[in-house]
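Colleague: Chain residues, written in single-letter form:
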Amino acid sequence: MRLDTRLLDYIDEMAPPVTTEEAIARRQVPNPSGRSLVWALIAFAAVLTAAGLVFALGGSDGQVVDQTTVPTPTTVPAPSREPPVGSGMWPQSNLEEVEEAQGRADAGDPDYTWQVDANLAAGGDPWGAEIFAQFIEDELGWEAWEAGAFDGWLGADAGGSEEVIFIRCAPGQTNPLASLYTDAPPEVRGCAPTIDDLSYETVGISVSQPGLQGPSGLWVVTRWETLQPNSPESLSELLTPDLLAGRQVVQVVPPSDTELAALLEGFLQARVDGAGAEQYLLYEPEEWIFEDVPLLYATTSGASFERFEFERAQGPRWPTGRILVRVRLFAAGGTVVEQLFHVVSSDGHFGLVYGYFDDVLQSTEDGQSVNLILGGEVTFATAPPWRRALGNPSDASGSHMRFQAGREEFVVIGTDPLPAGTADCETSAPADAETLADSIMANPDFGTTGTLPVRIAGFDGLQMDLEGSDSPFSFSCSGWFGPDQLTRWATRLYLIDYPGESAQVLAIAVISSEADFERVIEVARPIVESLEIDAP
Amino acid sequence: MVKPAIPEVVVGPGFVAFVRDVEPKLRRALVAGFGADIGREATAEALAYGWEHWERLRLSENPAGYLYRVGQSWARRRPLRRVLFPDPSPANEPWVEPGLGPALRALSLRQRQAVVLVHAMGLSQAETATMLGLKPTSVQNHLQRGLSRLRIALGVNDET
Chain V
1 MRLDTRLLDY
11 IDEMAPPVTT
21 EEAIARRQVP
31 NPSGRSLVWA
41 LIAFAAVLTA
51 AGLVFALGGS
61 DGQVVDQTTV
71 PTPTTVPAPS
81 REPPVGSGMW
91 PQSNLEEVEE
101 AQGRADAGDP
111 DYTWQVDANL
121 AAGGDPWGAE
131 IFAQFIEDEL
141 GWEAWEAGAF
151 DGWLGADAGG
161 SEEVIFIRCA
171 PGQTNPLASL
181 YTDAPPEVRG
191 CAPTIDDLSY
201 ETVGISVSQP
211 GLQGPSGLWV
221 VTRWETLQPN
231 SPESLSELLT
241 PDLLAGRQVV
251 QVVPPSDTEL
261 AALLEGFLQA
271 RVDGAGAEQY
281 LLYEPEEWIF
291 EDVPLLYATT
301 SGASFERFEF
311 ERAQGPRWPT
321 GRILVRVRLF
331 AAGGTVVEQL
341 FHVVSSDGHF
351 GLVYGYFDDV
361 LQSTEDGQSV
371 NLILGGEVTF
381 ATAPPWRRAL
391 GNPSDASGSH
401 MRFQAGREEF
411 VVIGTDPLPA
421 GTADCETSAP
431 ADAETLADSI
441 MANPDFGTTG
451 TLPVRIAGFD
461 GLQMDLEGSD
471 SPFSFSCSGW
481 FGPDQLTRWA
491 TRLYLIDYPG
501 ESAQVLAIAV
511 ISSEADFERV
521 IEVARPIVES
531 LEIDAP
Chain Z
1 MVKPAIPEVV
11 VGPGFVAFVR
21 DVEPKLRRAL
31 VAGFGADIGR
41 EATAEALAYG
51 WEHWERLRLS
61 ENPAGYLYRV
71 GQSWARRRPL
81 RRVLFPDPSP
91 ANEPWVEPGL
101 GPALRALSLR
111 QRQAVVLVHA
121 MGLSQAETAT
131 MLGLKPTSVQ
141 NHLQRGLSRL
151 RIALGVNDET
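Chains V and Z are the protein sequences, given in the same order. The first sequence begins at 1 in the working numbering and counts up by one. The second sequence begins at 1 in the working numbering and counts up by one.
Treat the hints loosely; a few may be bogus.
What the simulated footprint calls covered on chain Z by chain V, stretch by stretch (three residues with Cβ under 8 Å from a Cβ of chain V suffice, anywhere in the stretch; the number is not a length) [stated by the list, open to error]:
no.: 1; stretch: 21-31
no.: 2; stretch: 34-41
Computed far set for chain V versus chain Z, every beta-carbon distance over 12 Å [what the hints assert, rightly or not]:
no.: 3; residue: L7
no.: 4; residue: T113
no.: 5; residue: A170
no.: 6; residue: T182
no.: 7; residue: G204
no.: 8; residue: T258
no.: 9; residue: R328
no.: 10; residue: G334
no.: 11; residue: A383
no.: 12; residue: E434
no.: 13; residue: I456
no.: 14; residue: D465
no.: 15; residue: E522
Simulated from the structure, these hints should not be mistaken for laboratory data. Owing to the predicted nature of the structure, the values given are computational and were not obtained by experimental measurement. No residue lacks a Cβ here, since even glycine has one placed at the ideal position from N, Cα and C.
Produce the entire structure from the sequences given, and follow the hints as far as they go.
Modeller: The structure is reproduced here in structure tokens:
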């Protein structure tokens with residue numbers, strides 16, 4: 001049986017399909033009569049259907065919902081009550097009330113105008129909206145709270161764009177970790193947690209405009225939930241706080257200045273000593289975004305380090321305690337290696353993470369970005385606008401690297417690519433550049449210019465331009481290398497016979513849309529010209 | 001008592017058809033990520049959210065992807081359960097590969113999702129990336145590593 005069939009069988013057996021009815025029933029609101037909004041609507045709709053009437057639900061006239069059969073939605077105000085989820089409307093409890101309130105707000109009645117918020121309707125920052133403040137004070141009974149003053153707790157992962165996260169602050173107290181979170185906003189430093197020294201009562205509140213929509217429409221609370229604690233499962237979550245959205249806010253105790261200095265001095269002294277630095281690094285093998293640290297014990301020319309310095313570049317970020325540090329290692333001959341690391345707390349101890357950056361230079365040597373292939377045999381320099389593309393291989397001894405300057409501008413440099421259609425781990429790469437070029441030219445899926453002689457890094461090679469909608473080659477076990485969002489693209493390919501024993505062919509591909517090709521070739525030229533090969 | 005099927009007039013035009021089309025992808029993706037129990041519950045929760053916000057959701061560019069993120073957010077709030085992927089019952093379901101539960105447990109969350117969506121659901125890597133909110137290159141990496149580990153765990157070495 002095929003693997004795909006086995007997977008579907010397994011999943012469908014363990015988790016049978018969810019019906020529309022089952023899903024909607026999750027929004028049933030308990031009430032004394034035991035009936036629900038959903039089934040009341042169903043019954044009402046059935047009556048309408050029987051009468052031959054056709055209604056469109058959700059109009060602004062409010063005539064579809066029969067208020068005599070619809071229970072009043074309830075809101076659970078006390079955070080300590082179970083279940084910690086409230087649904088229904090607040091402060092109005094149904095559409096009819098909202099429309100009546102809308103009329104009074106339109107007439108300028110201050111008892112209702114506070115529910116109008118043009119900024120919220122325009123998609124502005126929600127935290128200061130009066131609808132949230134009133135709900136938190138009147139219904140949740142919180143005296144002090146904060147929101148929006150910290151990263152990562154609002155976003156697409158929060159369960160919907162309208163859900164806004166608030167934390168409760170103990171009145172009259174300050175955050176016991178304020179002295180450690182020197183970079184945190186004053187609002188956070190002044191907000192003491194209410195559960196224990198680290199944990200905050202956290203609530204997610206959703207609002208909407210059920211009646212009139214737009215700058216004049218009334219806002220009501222439609223749902224709120226007390227968020228539960230759930231520890232980060234991975235380093236990725238610690239480093240990407242958006243992934244933590246929807247959980248109770250728990251602040252992490254960051255390292256003190258003394259602890260931070262001890263960690264960094266141990267790590268950097270080991271690099272000077274030439275051994276033992278790995279023990280200070282945190283790494284998740286399954287996460288492609290983590291990388292091995294290049295130039296761990298020496299510069300690209302092999303010079304060992306003689307001394308070091310470090311500085312705190314940013315943080316600690318609240319509430320994850322993540323600190324960004326910049327380190328410099330000075331080698332004999334004056335070469336300076338500069339790198340960025342995160343310091344995070346994982347499983348109760350502090351460690352360094354390298355590689356979790358998208359758009360910053362992580363390692364430079366004398367100010368140039370350092371890029372290594374084959375353990376440093378191949379080096380080349382990149383500078384903005386080029387940055388390493390996400391998905392680079394995690395090992396500096398890897399076979400290829402990707403860079404991008406925009407959505408449709410890529411440079412890929414690597415060794416021993418496989419011809420199109422043979423991208424698996426079992427296929428042997430072409431033995432030389434000419435064989436690879438011939439296989440590409442023989443492929444009817446590509447339009448090519450033929451080859452021209454070229455010199456790259458002091459070695460003779462081949463240059464060819466091609467166009468197509470598929471990959472002309474891929475690197476071993478790594479599949480397609482190009483911009484997935486392009487349906488057709490143009491590529492300038494440079495191929496040379498690799499002068500050492502570590503590989504057979506070195507390939508450089510400059511990829512772009514067909515319309516932008518000549519410009520991108522020029523932008524990529526400094527990378528190609530910086531290439532150096534030091535093959536044993 | 002058998003509850004009647006919910007008529008279209010109640011759930012909104014197109015919602016029933018939307019659920020019919022999206023539910024398998026959504027459920028299998030969430031089950032792959034968070035296990036059978038939480039994944040299925042997350043699917044129901046996401047669809048319920050979809051019903052609540054149908055008028056806006058149906059106009060969005062990627063409603064399935066949006067609901068996936070709703071379900072994912074919901075699932076992440078749940079306490080972790082020990083058995084994400086129970087062993088199938090060979091007596092009741094003899095056609096189900098008995099080693100799949102342990103094999104899936106051995107994959108990372110993203111590897112499981114990539115394998116299921118691409119190889120079981122037939123989505124392209126670009127579609128999978130859109131649904132999971134990842135970059136296509138990321139999906140590709142997770143897919144390759146996940147497949148490799150799955151094949152090793154199941155003792156298959158071909159394209160089956």
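Colleague: Please go over all the hints and tell whether each is borne out by the structure.
Modeller: The hints, checked one at a time:
1. 21-31: This one holds; 5 residues, not fewer than the three required, reach chain V with a Cβ under 8 Å.
2. 34-41: holds (count 4)
3. L7: 4 Å, violated
4. T113: Label holds. Min Cβ-Cβ 25 Å, cutoff 12 Å.
5. A170: 24 Å, holds
6. T182: 30 Å, holds
7. G204: 9 Å, violated
8. T258: 35 Å, holds
9. R328: Since the minimum Cβ distance to chain Z is about 31 Å, R328 of chain V lies beyond 12 Å and the statement holds.
10. G334: 38 Å, holds
11. A383: About 22 Å separates A383 of chain V from the closest Cβ of chain Z, which puts it past 12 Å; holds.
12. E434: Its Cβ never comes within 12 Å of chain Z, the nearest being 29 Å, so this holds.
13. I456: Check passes; 25 Å lies beyond 12 Å.
14. D465: 24 Å, holds
15. E522: 25 Å, holds
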